[in-house]
Structure formats: structure tokens, C-alpha cells
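Put the two chains together into one complex; each comes in its own frame, and the hints tell you how they fit.
Below, each chain spelled out in residue letters.
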Amino acid sequence: MKVLVAVKRVVDYNVKVRVKADGTGVETANVKMSMNPFDEIGVEEAVRLKEAGKATEVIAVSLGPTQCQETIRTALAMGADRGIHVQTDVELQPLAVAKLLKAVVDKEQPQICILGKQAIDDDANQTGQMLAALAGWPQATFASKLVINDDGSANVTREVDGGLETVTVKMPFVLTTDLRLNEPRYASLPNIMKAKKKPIDTLTPEQLGVDAAPRLKTLKVAEPAKRQAGIKVKSVAELVDKLRNEAKVI
Amino acid sequence: MAFDFSQTDEQRMLVETVRQFIEKEIFPHEREVDRAGEMPVDLARQIKARAKEVGLYAANMPEEVGGGGLDVMSQMLMERELGKCNWALQKFVGRPSAILMASRDEQIEKYLLPTVRGEKMEAFALTEPGAGSDAMSISTRAEADGDDYVLNGGKHFISGIGLPDFAIVFTVTGIDETKRGPRKRVTAFLVDRDTPGFSIRRGPRCVSYRAYDNYELFFDNVRLNKRQILGEEGKGFVLANEWLTGGRVMVAANCCGKAERAMELATDWAATRKQFGQTIGKFQGTSFKLADMATELRAADTLVAYTCWKLEQGTMTDADAAMAKLFASEMLGRVTDQAIQIFGGMGLMDELPLEMMWRDARIERIWEGTSEIQRHIISRDMLRAKEQ
Ligand SMILES: Cc1cc2nc3c(=O)[nH]c(=O)nc-3n(C[C@H](O)[C@H](O)[C@H](O)COP(=O)(O)OP(=O)(O)OC[C@H]3O[C@@H](n4cnc5c(N)ncnc54)[C@H](O)[C@@H]3O)c2cc1C
Ligand SMILES: Cc1cc2nc3c(=O)[nH]c(=O)nc-3n(C[C@H](O)[C@H](O)[C@H](O)COP(=O)(O)OP(=O)(O)OC[C@H]3O[C@@H](n4cnc5c(N)ncnc54)[C@H](O)[C@@H]3O)c2cc1C
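Those protein sequence lines, which keep their order, are chains A and B. Under my numbering, the first residue of the first sequence is numbered 1, with each subsequent residue one higher. Under my numbering, the first residue of the second sequence is numbered 1, with each subsequent residue one higher.
Simulated from the structure, these hints should not be mistaken for laboratory data. The beta carbon of each residue, even a glycine, is placed where N, CA and C say it ideally should be. A portion of the hints provided could be inaccurate.
What the hints assert, rightly or not - Which bits of chain B does chain A cover? Going by a derived footprint, with three or more residues having C-beta under 8 Å, they are:
| no. | segment |
| --- | --- |
| 1 | 8–14 |
| 2 | 325–337 |
Stated by the list, open to error - Here are the computed lysine to aspartate or glutamate pairs in the DMTMM-like style, where the Cα-Cα straight-line distance is at most 25 Å:
| no. | chain 1 | residue 1 | chain 2 | residue 2 |
| --- | --- | --- | --- | --- |
| 3 | B | 48 | B | 38 |
| 4 | A | 196 | B | 64 |
| 5 | A | 32 | B | 4 |
What the hints assert, rightly or not - Sample of chain B residues with no beta-carbon within 10 Å of chain A, all distances over it, derived:
| no. | residue |
| --- | --- |
| 6 | 3 |
| 7 | 28 |
| 8 | 32 |
| 9 | 72 |
| 10 | 184 |
| 11 | 313 |
If we strip away everything but chain B, and leave its shape as in the complex, we get (with noise of 0.2 Å):
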């Protein structure tokens, strides 16, 4: 089937709605958030509201459990959008993980409905202190103690804001004796957060997403029911696979946002800052800077939107998704540095949000899987298919 990227009337509405939204209910406040590092707990409720308000909140969630029930490119629309903001704030207008689908029995109406609801703000904890990239290697166990299991170990860069009412937390149920050598049996648990011998503490201050906090997660002795197991036991990696592969993409398209709004700013100032009297704009040394970031911003765009469509085919790869992730995220970086340097020393002061946006872009590079994951996964592909 051919693929066609131009956006239906919905699309192109649902895109103004979000820039509109931003625009007011985001962009005012995300300076003094971002240098205050706290994120207002009024402001908060507020953003939640509007987005409710606007039919925005849980919009990437099925119409089935009371989402917006947007198709993949519409989500992907949005999240360029919101892409450019602060994850302090654009957190609120809520985009519950879709790992929740697979939700069963009474899961449904304890975690799955009240989260779409935005009752209830997940988080997803898998990344531990000693098993960041390499996701296998992580020891938080829970043992089968009859009906029960008990969770022991811990997790930290733990994303949220203000703390989870719940995590969805991966360990290790046992291991299996395999041709290749043992194998761990990873299973997700949904653990409340008032479960005893849960404890959670915030994490070290971040320099990308000031306000978006990251938590330590401590499991000592926690009792849990088997009915708490999201999916099947010794499925974890299996479900993640099933619900977060579009994560990657969504990831790429914040980062296409977040690059239009630098270089937007960059543009706006190359054209009317004086130098040498003129504007630096006519310096090819500006110039042609701009036209480099709008060339890879056009590269990483169709990319993201190439990608897309093989997801909503069903033809997405791992590698696919590593590669739209990796281009969109170092061209993000190269933007905002450019940026910065047409700016001059305007560029890292405060007063303008350019340097927030170098400092947030950094991120961007190092989860949803570093780089160099990314490369290891393209490349590894390929490799296989020529390896004897």
C-alpha cells in the first residue's frame, strides 16, 4: 500500500487544538517551574482539568475504556506537539501507558479505568541501578510463596510527578533452563503504592525536565496476589513488546517538535538581530545553519511518519522504530545547539527559553533506550541476515 502523509481534516484540527492548548494552558508557566524545579500542585490540577475539559486527557487510550481513541498518527501528531513543553507539565494532559491494556479481571476497574479516568497516574519501573540498557540484568525478584509472591529489590530513575499511585513493576519470577544457556522469567506486577514494605523516594535533581521528577522505588518483603500480575507470569518482556512499541516513535516525534520550536526562535532572531549592520541572517555562517536544521528536521519528520505508517500496517520492526528514535533524537540535539549559537550569548541566558530546551533535548539521547542501543539494534539486524 502506498503511504500518504497528508493529514485528514481531523488531524490538522486536533493539531491546532493542541498548539492552541499549549500555548495557553503550557507555555506561560513553564519557566518559573523550570527554575523553581517544583511543579505546583494547583498548576497541576489545572492542566488536568483543561486537558479533561478538551477531551486531550488519555487520548492515545481505546474509546472501549473511555480514551480518545486516536489512530497512530494522530498520537503521533499530538506528542510532536506536546514535544515541545516540559514533561512537568505536559505529563497532565495524561497519556496513560498502554502496557494498562492488557488489564484483566478486577485490574480493570482498579488500575486500567480510574488511570484513563486520570484518577490514577501510573508509574512504569523497570530500570534499576545495576540493569539500565541491559533490561535482563535486572534482580528485583518476587518468589511464589503459594497464592502470593514476595518482592524484594529495587528500581530508581522511575519517572512521575508527585508520587505514582501505582507502578507497574518488572522482576524476575524464576529462570528457565534454555539450549542458549538460563534465562530469567520476567513478570509485571502491579504494586500500590500503600503496599507495605513498598517505599518510594525521590531521585536526584535531573538538568533535563527540571520539575519532572524521577523516583527510587524499595521493595522489602512485599506481599503480593497473584491477581496482581499484569499479563501472564514470565511474560514481561513479551507484554512490553506487545503494548510500548510505539513508545520509540512517540519519543522521535516530541524530539521533531521540541527541534521546530528552537529553530523557530532561531529563525525569528537570525532574521531581525543586527550585526556588522545587517541582520546575522545574511551571514551564510547563520543562514546556512538554518537551512540545515530545517533539512534534518524534514529528514526526521518523514522518518517519524514513514514509521508510523509501518506501525499502523503491522509491519514495524524493532530496527524501524531504533531508527526513527536515534535520528530524531541527535538531530534534536544539533538544533538546539545550533540554536544557541545563532543566539549568541542571548542563547544561554535565562531570560529566553532556548538554553531549557538544550538542557531538556539532552534527555532525549539517553532513555526510551540510549543511542547507542538504538545503533545495536539496527545494526544487529543486519549483521544476523549475513552471518554464516
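Bound-form chain A, shown alone (with noise of 0.2 Å):
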């Protein structure tokens, strides 16, 4: 069974984000990036799926400029086996993502394609599902615990608003993970010089058929509003007060 993980090249989330001057977007020059923490952690389940043996082979896939090769290599230095980076320089949009890994999912067939919830910087939370319905394959977002069962079915738990839910999904499917799925490992020394002669594929949106231009366009990035400071209320009469008649939500 080989599993495919998708891992993007994101802000390194200890860093303050910060908009560009001219409101294009966020500024990445000179920013420390890393792996998206979501696909950390779908790598983690990946190796894990591995180790236990149901899983033969682990694929980490990257889609965006070259320096997509050092996100690959993480994944490869964790104990994914090799990598598939596509290349490009357009800005990628969700749907594009989706379109291009539905074609190396075509490609590869894989059982299981894991993605990460969302990605810690667009926030979009759409690529997992657009991918399963471009693919027509079930679907099982925000993961909390992977069990695959012997009949080739999966069960999933997930973390939803009013607790948790658990779904058995036909494979292949697609699996999105949050954040308690697991705790992702770090890469040890003796991995990290074994990533150095893992194989990475390099393949082009033309390549794979697949037109990745954006669809929608940015017309500005802005800061959020700075929060305003609190107040204390003496009494709930005060308190309810305020909510109706100032806050005007009740």
C-alpha cells in the first residue's frame, strides 16, 4: 500500500507574520520557513503506517518553487522513502494544488493521500476535500486517530465541533490531519544522512497536464484591527447592559 503525503513550504510558525509594504501579501524574503505543522504530522502517520507494516511506501509530494526540495527532504530525513516536488513559480491556489495532486495521485495510485488540514499560512482548509472530490474518492478531514482495518477500510476519528465522530472510509481515500493525530518525530542524524540519497522527482504543472494559474485574485492584505483593551464590569446587570445595548449582540 503506498501512501501519498502532501507537504508545503510554509512561514516557520514561530514567526511573527508581517504584511508587505504594498498590501500584496505577506512578506517571505528573508523569513525562516518550514514545513506546514498539519503535514508534519500527516508525515508522521505516513512513517508510522510504515513501521506497523501496513503501509509499503511513503511519498512525500511538495508543489511550488525549488526551495520545495528542503520541505521534501525534512519529510524524507523523518522516513518517507522518496519525494515527488512540482515545480513551479505561479502563485498556487487551492484548487490548483488539488488539480495537480489529483494528477501524481493518477499517476502513483496511492491508497491513502494525506493532507494537512489546513496550511498555516493561507489557512484555507480546501485542498484535502477539493483533491477527494476531483478524485471521487471518500474523504476523512480533521483526523484524530487512523485505525486501517484488514477489509482495506479505515476508521477515523474526527474532531468535530460537538466532540468527536468516527467514519469508516473505502480506501483509497483522502485523510486530513489535526492536531492530535499525533505527535510528529524529529528527524534523527542517522535519517537525515540517509535523505541525502533518497530519490526526488521533479515534474512540471505542463508535465501533468494540468493548467495551474490562479483563479482568484488578491485585491489586499491587511493587518488585523489591533484588539482594543478590555474593561472590568462591576456587576452582571453592568455586564448584560453593555452586551445589549454597546456590544449589541444579545
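Take a look at the structure:
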């Protein structure tokens, strides 16, 4: 069983994101970039499937500029077997990514395709769902637990607003990871050295027959308004009054 | 050959791994260990076990002997991260003394390999009460007696944590008459802790790296076979020069890491602490301190990388290593001091790690050769070239 994991290169979670002066996007020049944390969880889950003898091969896929190879290398050092880099300098939006991944899926025929539930840069939370729709596969999103059954199905526990929900999906399927699925390992020194020898194939959107051009136009990117300082109220009556007459929420 | 400081993918991932390792395995315990002045045995075991799992243990040693086989630049990058921590904890991400690579015959099985595997820990014993900067003045002597040597004397300030399993002890085994007068023959011995006549005592408490001990070693008619000699008789300093030249550069890398940590704390504070109605970073009295820290750190980092590059090329001189160690350790002293200043009173409080880092920084100008000794090494070469 092959497992495909998507790994996105994003601004590191420790970095305070800044909007570019001209309002066209966020600053990425001279900013530390890392693997999307939800994707790290995806790689960890795939590697655990392999260690448990459930998966035979783990393939890490990243889409974007040349530097995405660093992200793939990190996935290889965590234990993925090989990488695929779909190289392009155009701005990739969720639909384009889903289409490109669909083309890679057609080529590789994995049984499970793991993505993060969202990427911490645009927080779109769309790609996994779009990929499932394009591929006509079942989807299990926001996974906090994955159990592979012997009959080729899987039980996935999902984190939903009301609590936990368990769904059963048939392979092949799309899984998107939530925070509590696992705690990703850090790459060990021997695996870092081994990663050097693992192959990374490079493809282009043209080779995959996908038009990756953006469909959505960004008009302006702005920082969220600064939060106003809070106030203390003296009584419940005052609180209710303020909620009703000032905030107008009740 | 041109030098290129860009990191390889492997180096970038190594740094990432070491960072995550210290954040998870070391930082959460550092205050407690520092306050207690004791390193709990279980914690030491845990750090060691985790370091082995991740392949960081003995990463500095060649692969042929079971080490991680890191090149000089990668070792430096790892030391730079580990320098952010108290030695009492990071010691257990073991980096055995490279001098053990001089082991031969049964020494390999008995000392080198178990040390690389983390089953034994060594101590490096050169300094004596009467011989610090002036290493040539050591007086611990080993007198030949047939195939044996008999050791008498003592050492102090010998670093370790938990008693060492064996010590690499520098002794005088004779005097050569040279044109420039008498010269001591210095020989290094491998001495097991349980050898009769050898005793070890914990030294005084040190304000830097609390819980990282220093020991006093006493030798009272300790009988050793000549098979315990590391390297050759009379070649102790030659051996040390051969294997330990990188040591000072690694101390310099430790200093850069710690300075970076202090600077980041200070920057965060300056960006959030408000006085006179604004963040203190808005006052040039604060922001210019940050600018100086960043500039000095960059200079030290570049110097260390350059020195490592020379070490890799085989062209590093003693003066090169001395410059890196001197500048980085003095830079660290200034950076931690200014970081405290930016914190104001809170900088001195033991709720934050800064006062600890400021104390820890102090020893970096003393061990592995004091700042004065580094300056002596640097200027000696300059003057010799001009002297008639
Ligand atoms: C916590 C700790 C751990 C240590 N661990 C080890 C260890 O594991 N193994 C080991 O062998 N040693 C170890 N040392 C010893 C360390 O290397 C020495 O402390 C150091 O070399 C300085 O020697 P000293 O303390 O005797 O100072 P001294 O040599 O007495 O120096 C005192 C002062 O005189 C100055 N001075 C001396 N000579 C000159 C000169 N020619 N020109 C100008 N100034 C001079 C020095 O710079 C210094 O300012 C450790 C020391 C400490 C404090
Ligand atoms: C051990 C100890 C005992 C103390 N005892 C007492 C006591 O008994 N009674 C009492 O009232 N207080 C006491 N203090 C408080 C002491 O006076 C303050 O710590 C000191 O005034 C600095 O204030 P701060 O620590 O809040 O630092 P901050 O005022 O926050 O200063 C932080 C940094 O910002 C800089 N900074 C602030 N404003 C400016 C500016 N306008 N321009 C440039 N730089 C600026 C400061 O110089 C400093 O580098 C004590 C403090 C300590 C540590």
C-alpha cells in the first residue's frame, strides 16, 4: 500500500507574519520557512503506517518553487521513501494544488493521500476536500485517529464541533490531519544522512497537464485591526447592559 | 579555495533536530537543575537515552568507531545549539574527547568504543593547582618501574558530572636537556577510576553551569602498566595538539549559540515592555544595544565559520583558533550583560533564564585557555615574525 503525503513550505510557525508594505501579500523574503505543522503530522502518520507494516511506501509531494525541495528533504529525513516536487513559480491556490495532486495520484495510485487540514499560511482548509471531489474518493477530514482495518477500510476519528465522530472510509481515500493525530518525531542524525540518498523526482504542471494559473485575485492584504483594551464591569447587570446596548450581541 | 558558508540540507536539518531536542529534553529541566545544583541521575539517563535514539550521541566521532561522523562545520553547528544549555544537561548529548581516537590495541575495546557507545564517560585531566595557564608547569609525575609507571600528584578543576569512569591524565615522565634548557617529557595515561591509589573528590561549587561538577584527582603511588599510555611516552602535548585543536573553536560556537538565545530574549522584552507610554525598544538607549548585540554576534559567527573552514582545509593555526575563542567568549560576556540591562530588574530574577546565562557565560573566558592566554597566542606569532 502506497501512501502519498502532501508537504507545504510555509512561513515558520514561530515567525510573526508581516504584511508587505504594498499590501500585495505577506513578507517572505529573509523569513524562516518550514514544513506546515499539519503536514508534519501527516508525514509522521504515514511513517508510522510503514513502521507498522501497513504501508509499503511513503511518498512526499511538495508543489511550488525550487526551495520546496528542502521541505521534501525534511520529510525524507523523517522517514518518507521518496519525493516528488512539482516545480512552479506561479502562485498556487487550493484548486490548482488539488488538481496537481489529483494528477500525481493518477500517476502513483496511492491508497491513502494525507494532507494537513489546513496550511498555517492561508488557512484555506480546502485542498483535501477538493482533491477528494476531483478524485471521486471518500474523505475523512480533521482526523485525530486512524485505524486501518484488514478489509481495506479505515476507521477515522474526526474532531468535530460537538466532540468526536468516527467514520469508516474505503480505500483509496483522502485524510486530512488535525493536531492531536500524533506528535511528529524529529529527524534522527542517521535518517538525515540517509535522506541525502533518497530520490526526488521533479515534474511540472505542464507535464501533468494541469493549468495551475490562479483563479482568485487578491485585492489587498491587511493586518487585522488591533484589539481594543478590555474593561472591567462591576456587576452582572452592567455586563448584560453592555452586551445588549453597546456590543449589541444579545 | 573560496569559502561558502551556506548550509547543506543535512546541516539545516541537523540544526533543526538539535533545536527541537534541546527545547524538549533540556530547557524544561534547566532551571530546576540550576537551582538545586544537582543533576538528577534519572534525568541524565533520560537525556542520554534520547540522544542515542536520535543519533546525536557521539555525533562528533568518526563512523568507523560508531560515531555520527559529522564534519567540522556540522559539529560546530551542533555545538552552537548546545551552547544555549547548561553543560550539566547537554553533557549527556555525549561528545567524547577526540583524543581517544589515539587509542590503540586493547585501549580501543576498553576505552574508545564504550565511550562512543555511552557506556563510559571520560575526564580530561591536565590542570593542577600549580599549573593552570602554564600547562608546562604540571608536576604530577609518573616514574618508570620496569614495564610499569608509578603515578604521584594531583589535578583540580577536572570537569565531569557523576564520577568519570576513567581519566586521561597528563603527567611528567622525565626531563630532556635541550639547547634551550631542560624540557619536561609529558605523557598522557588512561587511568581507571578504580585503580588502587587513585581517588576523586568533588571540587568547590562553581557559579557557572551549576550542577556541572569539577573534581579533584589524587594519585598516591598509582601503579600503571605502560599499556595505559595514550599515544606515545613523552608525546602528551603533541597528542593534545593533534586531536584537540578544534576544541577552542567549538567553545566559540557554544558562545555564539548562548549569545543568540540571550539576544532573542532581550529583543522580545524590548518589543513588549512598556515604560513612559511606549515599548522600551523605541528608546535608542535600548534599540542601539540590540543593534550592537546583533552585529557582534554576526561578526563572531562569521569568524567561527571561517575558522572552521580553515580547520577543514587543514590550515587553521593556533592563533586562528585563539581569535575565534577570544572574540566569541568576550562577545558573549557583553551580550548577556546588556541583555540583563534591557530587562532591568527582571533580568536579575531567577524566574527568567537570563541571570543563569549571564553566570554561565562567565566561565567561557576562562576555560579552554583564558582570554589573556588567547591574546598571548595571537600576539606571539605577530611579534615573532618581526623579531630580529
Ligand atoms: C569549572 C571549570 C572546569 C574546568 N575543567 C577542566 C577540565 O576538565 N580539565 C582540565 O584540565 N582543566 C579544566 N579547567 C581548568 C581551566 O582550563 C583553567 O582554569 C584555565 O586554564 C586557567 O587556569 P587557572 O584557573 O589556574 O588560572 P591561572 O592560570 O592561575 O590564571 C590566573 C590569571 O592570570 C592570567 N595569566 C596567567 N598567565 C598569564 C600570562 N602568561 N599572561 C597574561 N596573563 C596570564 C590568566 O589569564 C588569569 O587571568 C576547568 C576550570 C574550571 C573553572
Ligand atoms: C533587587 C532589587 C531590589 C529593588 N528594591 C526596590 C525597593 O526597595 N523599592 C522600590 O521602589 N524599587 C526597588 N527596585 C526596583 C528598581 O528601582 C527598578 O528595578 C529600576 O528602577 C528599573 O526598573 P525596571 O526593573 O522596571 O526596568 P525598566 O524600567 O523596565 O527598564 C528596562 C530597560 O529599559 C530602559 N529604559 C526605560 N526607560 C527608558 C528611557 N526613557 N530611555 C532609555 N531607556 C529606558 C532601562 O534603562 C532598562 O534598560 C528593586 C529592584 C531590584 C532588582
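Results of checking the hints against the structure:
| no. | hint | verdict |
| --- | --- | --- |
| 1 | 8–14 | holds (count 5) |
| 2 | 325–337 | violated (count 0) |
| 3 | B:48 <-> B:38 | holds (17 Å) |
| 4 | A:196 <-> B:64 | holds (20 Å) |
| 5 | A:32 <-> B:4 | holds (20 Å) |
| 6 | 3 | holds (22 Å) |
| 7 | 28 | holds (15 Å) |
| 8 | 32 | holds (23 Å) |
| 9 | 72 | holds (16 Å) |
| 10 | 184 | holds (41 Å) |
| 11 | 313 | holds (23 Å) |
Violated hint for the displayed structure: number 2, the only one.
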